[in-house]
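Going down the list, the protein sequences come from chains A and B.
Add 403 to a position in the first sequence, counting from 1, and you land on the number used in the numbering used here.
Add 55 to a position in the second sequence, counting from 1, and you land on the number used in the numbering used here.
Careful, some of the hints might be misleading.
DSBU-like, lysine-lysine: derived pairs with alpha carbons at most 30 Å apart [said to hold, decoys possible]:
(1) A:Lys613 - B:Lys166
(2) A:Lys701 - B:Lys136
(3) A:Lys613 - A:Lys487
(4) B:Lys136 - B:Lys166
(5) B:Lys166 - A:Lys588
(6) A:Lys613 - A:Lys588
(7) A:Lys530 - A:Lys588
(8) A:Lys451 - A:Lys588
Hints were generated in silico from the structure; no laboratory data involved.
Given next are the chains, with one letter for each unit.
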Amino acid sequence: MTTIAVQQFELFCRHVSEPLLLAAADGRLLAASRSAARLFGRSCETLKDSSLHDLLDGSSQALADYLSSCARSTGAIPGRLCLKNGAEERRLVHCQGSLLSADERGLLLLRLRSVDEANRFVILGQKIQELANEVLLRREAEAAQRALYEEAERARAAAELAVRAREEFLSIASHELRNPLNALKLVASTLHRTAVTRPERLSPAWTGAKAERALEQIVRIERLVSELLDVSRLTAGRLTVEREPVDLFEVTRAVVEHVRQQHPGQDFVLVGEAGVVGEWDAMRMEQVLLNLLTNAAKYGDGKSVTVAVARVGDEATVEVRDHGIGIAADDLGRIFERFERAVSARNHGGFGLGLWIARQIVAAHGGEITVESRPGRGSTFRVAVPLRESGGAAT
Amino acid sequence: MTYDKAPHRHDGVVLIVDDDDGVREAMRDALTDESYQVACAADGREALAYLESGPPPCLVLLDLTMPGMNGWELLDHLAQKPALAAIPVIVVTGASPAQRALVSATRVMSKPIELDVLLANVEAHC
Numbered sequence: 404m405t406t407i408a409v410q411q412f413e414l415f416c417r418h419v420s421e422p423l424l425l426a427a428a429d430g431r432l433l434a435a436s437r438s439a440a441r442l443f444g445r446s447c448e449t450l451k452d453s454s455l456h457d458l459l460d461g462s463s464q465a466l467a468d469y470l471s472s473c474a475r476s477t478g479a480i481p482g483r484l485c486l487k488n489g490a491e492e493r494r495l496v497h498c499q500g501s502l503l504s505a506d507e508r509g510l511l512l513l514r515l516r517s518v519d520e521a522n523r524f525v526i527l528g529q530k531i532q533e534l535a536n537e538v539l540l541r542r543e544a545e546a547a548q549r550a551l552y553e554e555a556e557r558a559r560a561a562a563e564l565a566v567r568a569r570e571e572f573l574s575i576a577s578h579e580l581r582n583p584l585n586a587l588k589l590v591a592s593t594l595h596r597t598a599v600t601r602p603e604r605l606s607p608a609w610t611g612a613k614a615e616r617a618l619e620q621i622v623r624i625e626r627l628v629s630e631l632l633d634v635s636r637l638t639a640g641r642l643t644v645e646r647e648p649v650d651l652f653e654v655t656r657a658v659v660e661h662v663r664q665q666h667p668g669q670d671f672v673l674v675g676e677a678g679v680v681g682e683w684d685a686m687r688m689e690q691v692l693l694n695l696l697t698n699a700a701k702y703g704d705g706k707s708v709t710v711a712v713a714r715v716g717d718e719a720t721v722e723v724r725d726h727g728i729g730i731a732a733d734d735l736g737r738i739f740e741r742f743e744r745a746v747s748a749r750n751h752g753g754f755g756l757g758l759w760i761a762r763q764i765v766a767a768h769g770g771e772i773t774v775e776s777r778p779g780r781g782s783t784f785r786v787a788v789p790l791r792e793s794g795g796a797a798t
Numbered sequence: 056m057t058y059d060k061a062p063h064r065h066d067g068v069v070l071i072v073d074d075d076d077g078v079r080e081a082m083r084d085a086l087t088d089e090s091y092q093v094a095c096a097a098d099g100r101e102a103l104a105y106l107e108s109g110p111p112p113c114l115v116l117l118d119l120t121m122p123g124m125n126g127w128e129l130l131d132h133l134a135q136k137p138a139l140a141a142i143p144v145i146v147v148t149g150a151s152p153a154q155r156a157l158v159s160a161t162r163v164m165s166k167p168i169e170l171d172v173l174l175a176n177v178e179a180h181c
C-alpha cells in the first residue's frame with residue numbers, strides 16, 4: 404500500500420538532512436529520516452511501524468486531533484510534539500505537519516524542528532553579547548569621563564602652576580626692584596638734603612658723583628623692567644624678531660667691548676673673523692650675547708673667557724667658554740628655566756631670567772642654545788642659529 | 056622736609072651690612088656726607104670677620120636676607136659672644152613682619168630706607 408511512497412520517502416530522505424517523519428493518519432510511523440530518528444535516539448529501522456502514540460509524550464487525543472487536522476489540511480499545520488527517546492528523555496520539537504498524498508488515506512509528512520538546546524544557547528549567547536556590549540559601553544563611557552576629568556585636573560593644575568609662577572615672579576620682581584629704587588631714593592634724598600642744609604657743598608665734583616650714582620641705579624632699574632617686559636611679551640607669545648643683514652662677528656665684538664668696560668680686569672679673548680653675515684634681529688642677538696658674556700664674567704672666577712664666532716655651513720655659531728665655577732649636572736637642565744639660577748647669589752642682580760629669555764630669542768631665530776659644563780672646570784655655552792629664515796614665516 | 060642745619064663730627068664707625076651694592080654704597084655715601092665713619096660688609100661672614108677683628112662699631116646696620124650667612128644667622132653668632140652681643144644692631148629689611156618678628160634687635164628699619172630715619176637712628180647711637 405504505502406510501500407512505494409515509503410521507498411520514495413526513504414530515497415528522498417537520503418538527499419535531505421531535515422528531520423522528517425512519514426506517518427499514517429492513524430499515528431502509525433511509516434518511515435523516518437536519519438536526523439528524525441536521531442531525535443528519537445533510535446535507528447530508522449527500529450522506528451518503522453511504531454506508533455507515534457508510543458513515541459510521543461502527551462495526550463493521545465491531542466495527538467490524534469493534530470494528526471487528523473494535518474490530514475485535512477491544505478497547508479502545513481504547526482504543532483509541538485514531545486518526543487520520548489530511548490533514555491526516557493523528553494525532547495520538545497516543533498512540527499509542521501501536512502498531507503503528503505491524498506491517494507493514500509492520510510499519508511502525512513511531519514517536518515520536525517527541534518527546539519534545540521542550541522537555540523537556547525544562541526538566545527542566551529545573544530543576551531550575553533548584549534549585556535557585554537552594555538558593560539563595555541558603560542566602561543568606555545566611564546573611561547571617557549575619567550579621561551575628561553583627568554584632563555580637566557591637569558589643566559587646572561597647570562593653570563594653578565602658571566598662576567603661582569606668575570605670583571612668584573611678581574614677588575621676585577618687586578623685591579629685586581626695591582633695592583635699586585631704594586639706593587636711588589637715598590642718593591636723591593642726599594642731594595636734596597645737601598641743597599637745603601649745606602648748599603656750599605654742591606660742587607660740580609660732588610654733584611656729578613651723586614648724579615652718576617643715581618644713573619647707575621636707574622640703569623639697573625631699566626634693565627630689570629626690560630626683563631620684566633620681555634618675560635611678559637614672551638609669555639604672551641608676542642616676542643617678534645625683526646631680521647636684517649647683520650655681521651654676527653661685529654655684533655659679538657661690540658658686546659665683548661661693552662662687557663669689558665663693565666668688568667675691568669676680566670680677560671676676554673675674541674676668536675673669529677668678520678663676515679659671519681646672516682639675517683637676524685641685531686638687538687635681540689646682542690641681548691643674548693650680553694647675557695652669556697655677563698654670566699661668564701660673573702661665574703668665570705676671574706679666569707679668561709673665550710668667545711668664538713664662526714660660520715658652519717648655513718649656520719652661525721657663537722661659543723662662550725669660561726673656566727670658572729661651572730654648573731652641576733643636575734642643574735644643567737634647569738638653568739634655562741625661568742627664575743632658575745644654578746648659583747643663588749642675589750646680588751648678581753637680575754631675575755634669573757636671562758638664560759630663559761636668551762633661549763626664547765634664539766628659538767625665535769630657529770636656533771638653539773646648548774651648554775656643557777663641569778663644576779670647578781667651567782662652562783661652554785653654544786649658540787647656533789641658521790643664517791636666515793627657512794621656508795615659512797616665523798611665529 | 057626740614058633738616059637740622061648743623062654739621063656733625065662723629066667718633067665711632069658705622070658698619071653697614073647689605074648684599075646689594077647699590078644700597079650699601081648709597082647708605083655709605085649718605086653717612087659719610089654727614090661725616091660719619093663707615094665700614095661695609097657684603098654678607099654676614101664679612102661682617103663677622105670685621106667685628107671679631109677690631110674695636111666694636113657704634114652701630115651695625117644689618118640687612119636680613121643675604122646669601123651665604125644671612126642677617127638672622129649673624130645675629131645668632133653675635134648673641135653667643137658677650138662682647139659682640141653688646142653692639143647695637145638695627146635691622147634694615149624689606150622682609151615681612153613675620154620674618155622680622157624672629158629677630159631680637161635694638162630696632163628695625165624697613166626698606167625702602169628714608170634718609171632722615173637713617174640719619175636719626177645713626178645719630179642716636181653714634
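Practice item. Compare the distance between the alpha carbons of lysine 613 (chain A) and lysine 166 (chain B) with 30 Å, and conclude whether the hinted pair is satisfied. Key: holds (21 Å)
Holds or violated: lysine 136 (chain B) to lysine 166 (chain B), with C-alpha atoms at most 30 Å apart: holds (28 Å)
*Does lysine 613 (chain A) pair with lysine 487 (chain A) here, judged by a C-alpha cut-off of 30 Å?*
violated (122 Å)
- Task: Please work out if lysine 166 (chain B) and lysine 588 (chain A) have their alpha carbons no farther apart than 30 Å.
- Result: Judged against 30 Å, a Cα distance of about 11 Å means the pair holds.
task: Could you grab the alpha-carbon distance between lysine 701 (chain A) and lysine 136 (chain B) and see if it respects the 30 Å cut-off?
output: Distance of about 35 Å is beyond 30 Å: violated.
TODO: Please work out if lysine 530 (chain A) and lysine 588 (chain A) have their alpha carbons no farther apart than 30 Å.
DONE: violated (85 Å)
| query | Holds or violated: are the alpha carbons of lysine 613 (chain A) and lysine 588 (chain A) at most 30 Å from each other? | reply | holds (11 Å)
Hey, lysine 451 (chain A) versus lysine 588 (chain A), does the alpha-carbon distance stay inside 30 Å?
violated (125 Å)
The structure shown violates the earlier hints numbered 2, 3, 7 and 8.
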